[in-house]
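**Student:** All chains, full assembly: derive it from the sequences and hints.
Protein chains: 2
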Amino acid sequence: MTSTLPTTVDPKKLQEVLDGRWAHVRRDAREHLGDPEFAPVYGETMQEARERITRLSKKLADSGRVGLGFPKEYGGQDDSGGSVASIEMLAFGDLSLMVKAGVQWGLFGGAVQLLGTKRHHDAYLRDIMSFDLPGCFAMTETGHGSDVQQLRTTCTYDPETGTFDLHTPHQAARKDYIGNAAKDGRMAVVFAQLITQGEGRGVHAWLVPIRDDEGNPMPGVSIGDDGPKAGLNGVDNGRLTFDHVTVPRDMLLDRYGSVAPDGTYSSPIENETRRFFTMLGTLVRGRVSVGGSAGSATKLALEIAVRYGDVRRQFAAPGEPREVVVNDYLAHQRTLLPALATTYALHFAQEELVSRMHDVQRAAVLDETAQRELESRAAGLKAVSTWHATRTIQACREACGGAGYLQENRLPTLKADTDVFTTFEGDNTVLLQLVAKGLLTGYREAFGSLDGWGRAAFVAEQVREAVLERTAARALVQRLVDAVPRRDDEVSLLDRGWQLKAFEDREKHTLDGAVKRLRKGATTPGLSQFDAFNDVQDHVLKTARTHIDRVVLEAFVAGIERTADPAARALLGRVCDLYALSTIEADKGWFLEHGRLTPTRAKALTAVVNQLLKELRPHLRTLVDAFAIPDAWLNCAILAEEPGRQEAMARHDAAEPPVIIGEWLPDTPAGATSRR
Amino acid sequence: MTSTLPTTVDPKKLQEVLDGRWAHVRRDAREHLGDPEFAPVYGETMQEARERITRLSKKLADSGRVGLGFPKEYGGQDDSGGSVASIEMLAFGDLSLMVKAGVQWGLFGGAVQLLGTKRHHDAYLRDIMSFDLPGCFAMTETGHGSDVQQLRTTCTYDPETGTFDLHTPHQAARKDYIGNAAKDGRMAVVFAQLITQGEGRGVHAWLVPIRDDEGNPMPGVSIGDDGPKAGLNGVDNGRLTFDHVTVPRDMLLDRYGSVAPDGTYSSPIENETRRFFTMLGTLVRGRVSVGGSAGSATKLALEIAVRYGDVRRQFAAPGEPREVVVNDYLAHQRTLLPALATTYALHFAQEELVSRMHDVQRAAVLDETAQRELESRAAGLKAVSTWHATRTIQACREACGGAGYLQENRLPTLKADTDVFTTFEGDNTVLLQLVAKGLLTGYREAFGSLDGWGRAAFVAEQVREAVLERTAARALVQRLVDAVPRRDDEVSLLDRGWQLKAFEDREKHTLDGAVKRLRKGATTPGLSQFDAFNDVQDHVLKTARTHIDRVVLEAFVAGIERTADPAARALLGRVCDLYALSTIEADKGWFLEHGRLTPTRAKALTAVVNQLLKELRPHLRTLVDAFAIPDAWLNCAILAEEPGRQEAMARHDAAEPPVIIGEWLPDTPAGATSRR
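Protein sequences, first through last, are from chains A and B.
Residue numbers in the first sequence follow our numbering, run continuously in steps of one, and reach 1217 at the last position.
Residue numbers in the second sequence follow our numbering, run continuously in steps of one, and reach 1217 at the last position.
If you are wondering where the hints come from, they were derived from the structure by calculation, not from laboratory data.
For every residue, glycine included, the Cβ atom is placed at its ideal position computed from N, Cα and C.
One should not assume that every hint holds.
[Unchecked claim] Reference listing, derived: stretches of chain A covered by chain B, where coverage requires no fewer than 3 residues with Cβ under 8 Å from a Cβ of chain B: (1) 603-613; (2) 792-799.
[What the hints assert, rightly or not] Here are the simulated DSBU-like cross-link-like pairs (lysine-lysine), alpha carbons at most 35 Å apart as the crow flies: (3) Lys-600/B to Lys-613/B; (4) Lys-1144/A to Lys-1049/B; (5) Lys-613/B to Lys-553/B; (6) Lys-1042/A to Lys-554/B; (7) Lys-613/B to Lys-1057/A; (8) Lys-659/B to Lys-1049/A; (9) Lys-1061/A to Lys-1144/B; (10) Lys-1144/B to Lys-1057/A; (11) Lys-1144/A to Lys-1144/B; (12) Lys-554/B to Lys-1042/B; (13) Lys-1057/B to Lys-1155/A; (14) Lys-1144/A to Lys-1057/B; (15) Lys-659/B to Lys-613/B; (16) Lys-1144/A to Lys-1061/B; (17) Lys-613/A to Lys-599/A; (18) Lys-1042/A to Lys-1057/A; (19) Lys-553/A to Lys-659/A.
**Tutor:** This is how it looks when you write it as structure tokens:
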């Protein structure tokens, strides 16, 4: 492998590429949200954290930086993509604030905006934006989280009074984990089964006051507290129970379904299931934001681990008068570098997703296919990004040893706060199933609830090609893939076409296999529909994983294509190699099992990955610097505490002779250094 | 695959096997530590947690349950193994209390006992046991954790005054992460470089008062606070800095080295490195306890996830009037069952380790080879058990969805408290390197510091056989392995001999390869010793992993062999199959790459694992019940909160017709259920 990497790469050039389409939003955040007040605080009680976050939410609202996603006529900017970029930037600060903002302006405000109509907008949007009307998004119930279609809360229309009766029939139907519920919320968008004229019309949403002006629960509304959580303790999650609460008719958010005074139901979308998924689909931004926020947290963790690993020494090099910095160990590189490469890959995939979301939502006419694809992509990337975050932040914590366990070094907070990302806004496994379902039914059928596996028509063959067409770089990818000779055993592992082909091939083959097995199960006498699906569930989930992997790699390729600076482009190319090859390496079993790699080539793969690590080692710092995270946001003692420490490190590395083994901290007078 | 499993297995019969040699200690703990006071408390401030844990530590001391490991003449029981079993039981309660106990009676008390001599025992052991003398184990420094031999704190003898001068030369040499330091500690066992007559004699330990009777720092001692941590906030970790502190000559813990009044140094062990590792070796119990505690926390997490997964429903089964409990999903089983099987496997390995530790430490004459092996085993199992804990507790948290993120459901605390296990008492990667070094040098050489890779004599071939001899079940294992035909392609994957052979074979081959590559590197001109080692580090670490995997499997086989009850034995046999095959499946790439599995057989492996999951599914609950964790220790709202909930579940499952979809909580009147 001949290295094509320049000795130094300007991180600013990389940053430009990463900042992408919403660079102005990111720049603005760096300039105006760098306030240390937005960084997390360690060692608070839950009450203190909640009060601080409420205060900061108001401050954020006052800064005018929460309205990007709202309509211009109400003081917003009609910039859906920008609103996600803005949340991604907020996620570099206190994640409780990010989630509180997501609840208030994304979920609650977004529901009023997207499910409501003009009278709701006129009455509430400005107060929502200013945080004068804090609100909840009351969808999840204790008994039903993933299967929203089966929510148990009912809202029954009575033409006599012209009002709805909102009711929680039993404990399992209480609304649970609801942000803004335990302390701040004045209103809630409540999702419930609409019943009128004795007929169920499926899940709809109402805007319901839950507290009066003094902050007391409204009549019939009981409010519980979810109490301390693993993290995000600045967010007041709670439980809502409704005991025959009267809701005026006009509080139904009626963009997709309305009830006339006499109780007649009407909707622009006839089919109930289609209507339901259209309603949910408008809320895709929440999921996109979670994936993006997970990315920001991952970048932060990597920056901390990489910078610490450049100064932290462990053992002496044998026979040499120096101790080795931990970043020089292969095992450490094996931990940090593939994670960093994947973070880059996911960044480009996220950028592409946000861009697509923005365009789909701004289109004059709703492109339903594009919308379904967007949802599928959002679901899959959310799953992959949040799992990657959990794994990587954990690895970074361990990479920092005992220091990584102290809150003053940020990593514990990152870990605890992001942990719920894998299960909120959709459980990751359920989301991957959603992706798989999309692949299997090829977006042709209107989405049924996820129980429909057995009945689904398997028309994958035809639609797979359509699916494959849909990433930004598809034409370029096709050219590269086509250039790979049919017998590809001798093609370099660093050939981008070969890598792309390997990803594509794995996806196709996995999908084919899943389709065949599902068909077989569906026609096996005596096998229940559930068992027929369940026996193949692992295979089905793998289909989704391999699909998302390909989408991510292609987005990376597209990102490189957009990079003008030759040095930055070369470096990104190598990072992309590492992403592609470490992904293949992690699934080596599959490639060998299916004859896609020979044993010899599989061994070579490991050697090439190790070689890439060596080649990228000198650029580790550049790769995290390119994230351009302001120092004020890091709030990490090991990177900042000892004045002059980093200078001393630099001096230490340069000095010879004599280099004193182990004295990696400056020889300042010793003393107690409690920083509390 | 023909199922040989009985329909029901009595969890009590399994429990008997699991309780093992120290069943009496476990029984006693279940009877007397079931006090809810010992369960974790949610939502405390750090100060509250510290005060509570200090109070509980005293209570624990008063109960007389902390002395098992101490000599009988001081009121202990000379039962080293029992002391670990006791810590393992304590780990089912509040992990801060377990760690505080480990610091006080394991590390601090253990160091006084094992590194000190009679005058130290007479003066301090009783007060240590009663917690009237809380103390610290001050080894780790900010700049040196893993490489203890390179600690920077000095303790210089002055024959004029007959005292030592203990000094922290610079910030990086301050003692850090020291339990009991920030609040309670009155004395500390301080590790430092002994200097006398102008000569360094390596690391030794002194007993040093750090606070006076009023709790103020002693002259020259500065005490800092590590502040809030990710978890374990009931433990007061802190920092100690010594500014020329005078230490009387007789406070040197002088079992392995003493200084005469005139400054003459003497030691029963001539070689400094050997002395150092002998000293450290006596402290192996700490590492063994961490591995065992990780096991307890893992069991708790699995019990919560399994029991919740038996009542939590997600989606309806297609075409059926029921919702599926999540434990019935293959993906959920793929998460929980292999983790449970590994937990069983590690339990048996831990039991074998504790037993061996107990016997080695009780032997009249120290068997140095056995001691080295013990250390290696302890290091490896600690690494594997704590990584398994981190991964499994995370998986259980996710398996419980949003509920798993609430502190009232215990999992967040388990996660946060155990997280540091992977890096304290030895960083896991460093520990695996220690294991690998043991394998490579075959225990023949006295251990040098870990920098000695390049110089190590590679005599692996001869010693490997010796290494292989050393597990409890070796004779049985050999018989089973020998019975496998040479061409083993057609042997059932469920053949225990084939499984054992596969593990053994992988270990041997990996070790062979590592030896060859290290030899080659050592003789490559121009390659530094560091690079020669570093280029192979991933391979070397894999050697250690495969070694530990084999040791664990063989311990499982030995455990089954000890099981008399036929039903329990059959069930354990299937669990062992799952452990063995899911371990092979996870490393399928290696087995395919090295021709140990054909592609066809590799595919069959996945099918067999899925079949095992199906077969074990009905026994999931039995497998966690066998851990016999008292309900009072679970302290988990989703398992306990709603009165009659579990009865209702049972009713629900039995009732037909009609089964109401989704109503998996009893139809009690709805209402606010804040439990704070």
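**Student:** Would you mind marking each hint as holding or not holding in the structure?
**Tutor:** Each hint, compared with the structure:
Interface restraint, the stretch 603-613 of chain A with chain B: violated (0 residues with C-beta to C-beta distance below 8 Å; minimum three). For the stretch 792-799 of chain A, the stated coverage by chain B is violated: 0 residues have a C-beta nearer than 8 Å to a C-beta of that chain, whereas at least 3 were required. Pair hint Lys-600/B plus Lys-613/B holds up; C-alpha atoms about 21 Å apart against a cutoff of 35 Å. At most 35 Å may separate the alpha-carbon atoms for a hinted pair to count; Lys-1144/A and Lys-1049/B meet this at roughly 18 Å.
For the hint linking Lys-613/B to Lys-553/B, the alpha-carbon distance of about 33 Å falls within 35 Å, and the restraint holds. Taken as a hint, the Lys-1042/A and Lys-554/B pair is broken in the structure, with Cα atoms around 54 Å apart against an allowance of 35 Å. Proximity of Lys-613/B to Lys-1057/A is assessed by CA-CA distance (about 69 Å); at most 35 Å being required, the pair is judged violated. Between Lys-659/B and Lys-1049/A the CA atoms are separated by roughly 73 Å; this puts the pair beyond 35 Å, and the hint is violated.
Between Lys-1061/A and Lys-1144/B the alpha-carbon distance is near 18 Å, which keeps this suggested pair within the 35 Å criterion. Taking the CA atoms of Lys-1144/B and Lys-1057/A, the gap is near 16 Å; set against the 35 Å cutoff, the hint holds. Distance check on the hinted pair: Lys-1144/A and Lys-1144/B sit about 21 Å apart at the alpha-carbon level, within 35 Å; holds. Distance hint between Lys-554/B and Lys-1042/B is fulfilled; the C-alpha atoms sit about 29 Å from each other, no more than 35 Å.
Under the criterion of a C-alpha separation no larger than 35 Å, the hint pairing Lys-1057/B with Lys-1155/A is consistent with the structure, at around 22 Å. Between Lys-1144/A and Lys-1057/B the alpha-carbon distance is near 16 Å, which keeps this suggested pair within the 35 Å criterion. Our distance criterion of 35 Å between C-alpha atoms is met by Lys-659/B and Lys-613/B, whose separation comes to about 13 Å. Restraint check: the Cα-Cα separation between Lys-1144/A and Lys-1061/B comes to about 18 Å, which is no more than 35 Å; the hinted pair holds.
For the given pair, Lys-613/A sits about 21 Å from Lys-599/A by alpha-carbon distance, which is consistent with the 35 Å threshold. A threshold of 35 Å between alpha carbons decides the hint, and for Lys-1042/A with Lys-1057/A the separation of about 22 Å falls inside it, so the pair holds. For the given pair, Lys-553/A sits about 44 Å from Lys-659/A by alpha-carbon distance, which is inconsistent with the 35 Å threshold.
Comparing the model with each earlier hint shows violations of hints 1, 2, 6, 7, 8 and 19; every other hint is respected.
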